[in-house]
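Using the hints provided, position chain B relative to the given structure of chain A.
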Amino acid sequence: MRKVYLDHAATTPAHPKVVEAMLPYFTSKFGNPSNLHDMGREAKDAVEEARARTASLIGAKPEEVFFTSSGTESNNFAVKGLAQANSQKGNHIIVSQVEHFSVLHPVKTLEKAGFKVTQIAPDKQGLIDPADVAKAMTKETVLVSIMHANNEIGTLQPVEEIGKITREKGVLFHTDAVASVGWMPVDVKALGVDALSLSGHQFYGPKGAAALFVRKGVRIKPQIEGGVQEDGRRGGTENVPALVGLGKAAELAEAEISGRMSYLTPLRDKLLAGLNTRISDMIVNGHPSRRLPHNVNVSFLFVEGESMLLFLNMEGIYVSSGSACTSRSLKSSHVLSCIGTDAAAANGTLLLTIGMGTSSEDVDYVLEKLPPIVQRLREMSPLYEDMIKNRKKT
Amino acid sequence: MEQYSSKVMEHFAQPHNVGEIENADGVGTVGNPVCGDVMRLYIKVDNNVITDAKFKTFGCGAAIATSSMVTDLVKGKTIDEALKISNAAVAEALGGLPKVKMHCSVLAEEALKSALDDYYKKKGMASPVKMPAEAGHEHEME
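If you're matching them up, the sequences are chains A and B in order.
Numbering of the first sequence is given in this note's numbering, commencing with residue 1 and proceeding in unit increments.
Numbering of the second sequence is given in this note's numbering, commencing with residue 1 and proceeding in unit increments.
Next comes chain B alone, as it looks inside the complex:
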């Protein structure tokens, strides 16, 4: 397997924004324990700006690092800006991910979109969130 970048290891060893937000404005849980990763992302929204984000993740090094990075990226962003954060941006901010771990960045994007979707629903508003296409693990060899 390819090695993780030093940035990934940094975010894995000392992840930022671990925890829960009481009375969060949006919560999204994505993934499946069978596949080995579940992410739960909490956001606090004030005046259309994401003022806080926290996460809990069951998963590999890449899953924890992408959770840490996406919560970093989203803080201080408006809802519209947050909606534009892609998995590629998360992976790039981490200095890249091994090919077999790219799905972890997709999961991070999904967790964010799911939390935003929940935010709209809690507000009683129509949600403009489009969930990204299924990550799709690569089953190359045993």
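So here's chain A without its partners, still in its complex pose:
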């Protein structure tokens, strides 16, 4: 049976060259970078090379890149670290409602500790209006955190415009670029951000390696204390093999970025157009053009996401769902509810994210298998039955 992995927003496979680069650092080159002897020096050099490659991918200086263990840690570090280190300037934070929970939850914690928070609402396509950010600014505003690309609906935020506003006001600006780095060009200078999160396993690197860019001269309070690593900003012995892998993934991404975009964009459009012609009562979530090149997020009315996911799994097709039933909280996606997706429709949402290993034939296979699954579930659905009866009446 064909296997089609369309869940690249969840994680990607490590590139073979990434794995190859990592392997010696588990065994022969196992040293601790903090040691002064040759074994330590060798590991230290590898970590610094990875830092330089990661910095180069986003147009930063190596000393502006701090390694962490995950995108979640980078976001926690940015939000808490920047707010806490700069609280003498003010206690107001601005975020969007559609941020990842690794931004929203730390912000909630800061709110309990006395910070004031404004959450900006997106429009129906998931876009944040920079004017709303400008309006929300007060004399007390110390930090704005708005993501580069939304991890669920793929919408790209006007980060450059927001960056102009924050620079003008002298307010710190963090962007969560975990969903976009490696899939499209990301340059910290062009974006005008003071901090940026990225994660290795999102773009063919290993899990357990991520980074936070912090512009030189910006103060940030360490969240993991007790070590001199990462220039004292983040303690703990470095995950050397994973960081080497992240560096390799960054190097590959930098070299391949335009090729990736020109490969993925038409394939994404083929998938979306194919679904649109084959399945009725389908809603496309997110922005039609301002979106990640590999992201398709669609809601099929009258059917539930987990059922679709399980039937697709039986056909060897692996996707994610925005349905309440697939989340442990039994709540459907906060992103979909913020962009005004009807709650019942949100439960019929699938997130299909293609990758460099996805072929045109894979997309054909999905277009062959998914429509009958939706139709079968609709024939089983009392909501569909009611809709058909109501349409006949009118």
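Heads up, some of the hints might be wrong.
Cβ pair distances, simulated, as ranges [as the list claims (entries may be wrong)]:
id: 1; chain 1: B; residue 1: G76; chain 2: A; residue 2: P372; range: 30 to 36 Å
id: 2; chain 1: B; residue 1: E20; chain 2: A; residue 2: D364; range: 30 to 36 Å
id: 3; chain 1: B; residue 1: A13; chain 2: A; residue 2: A121; range: 37 to 43 Å
id: 4; chain 1: A; residue 1: K124; chain 2: B; residue 2: A13; range: 35 to 41 Å
id: 5; chain 1: A; residue 1: K392; chain 2: B; residue 2: P128; range: 32 to 38 Å
id: 6; chain 1: B; residue 1: S127; chain 2: A; residue 2: D342; range: 57 to 63 Å
id: 7; chain 1: B; residue 1: Q3; chain 2: A; residue 2: A121; range: 34 to 40 Å
id: 8; chain 1: A; residue 1: D342; chain 2: B; residue 2: Q3; range: 29 to 35 Å
id: 9; chain 1: B; residue 1: H16; chain 2: A; residue 2: I388; range: 19 to 25 Å
id: 10; chain 1: A; residue 1: I388; chain 2: B; residue 2: K99; range: 48 to 54 Å
FYI, nobody ran anything at the bench for these hints, they're computed from the structure.
We put the CB at the ideal spot given by N, CA and C, even for glycine.
Positioned in the frame of chain A, the structure of chain B alone reads:
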């Protein structure tokens, strides 16, 4: 999330008794599309015995499997026997359900009770049906 049992997957992949019953003697619809599951259960009653049961369900794998199982369990039962079918019996017949999906078995019990209630009402009889307590989703974490 916990995995489904093989019995759940069997009933999900090939559900029994999917469909409608024309001129059913009792129809019950329970659940809410916002929460992600709606079940509609149809019963045919002959001489106080449930001779046929069918369902339509909008919901997750567990919702479809419990619908399939409750319609299997109820066929051939008398009304009194059917009234005694509990959510636990449905879950047990499926080889258990993940903890977060137990509410689907409660929904199946509710759908059955609602169809039985409708049966009594259609007959113009006082309904002895007591609806089970609200299932209550567990909102543990996001």
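Okay, the hints, checked on the actual structure:
1. Checked against the given bound of 30 to 36 Å, the beta carbons of G76(B) and P372(A), roughly 33 Å apart, stay inside it.
2. The supplied range of 30 to 36 Å is met by E20(B) and D364(A), whose beta-carbon atoms lie about 35 Å from each other.
3. In this structure the hint that A13(B) and A121(A) lie 37 to 43 Å apart at CB holds, the actual value being about 41 Å.
4. Remark: the range hint 35 to 41 Å for K124(A) to A13(B) is upheld by a beta-carbon distance near 36 Å.
5. Remark: the range hint 32 to 38 Å for K392(A) to P128(B) is upheld by a beta-carbon distance near 36 Å.
6. The supplied range of 57 to 63 Å is broken by S127(B) and D342(A), whose beta-carbon atoms lie about 34 Å from each other.
7. Distance hint check: the CB atoms of Q3(B) and A121(A) are about 37 Å apart, consistent with the given range 34 to 40 Å.
8. Look at D342(A) against Q3(B): about 30 Å separates their beta carbons, and that is inside 29 to 35 Å.
9. A C-beta distance of roughly 23 Å is found between H16(B) and I388(A), which places it inside the suggested range of 19 to 25 Å.
10. At about 36 Å, the beta-carbon gap between I388(A) and K99(B) misses the expected band of 48 to 54 Å.
When held up to the earlier numbered hints, the structure conflicts with 6 and 10 and fits the remainder.
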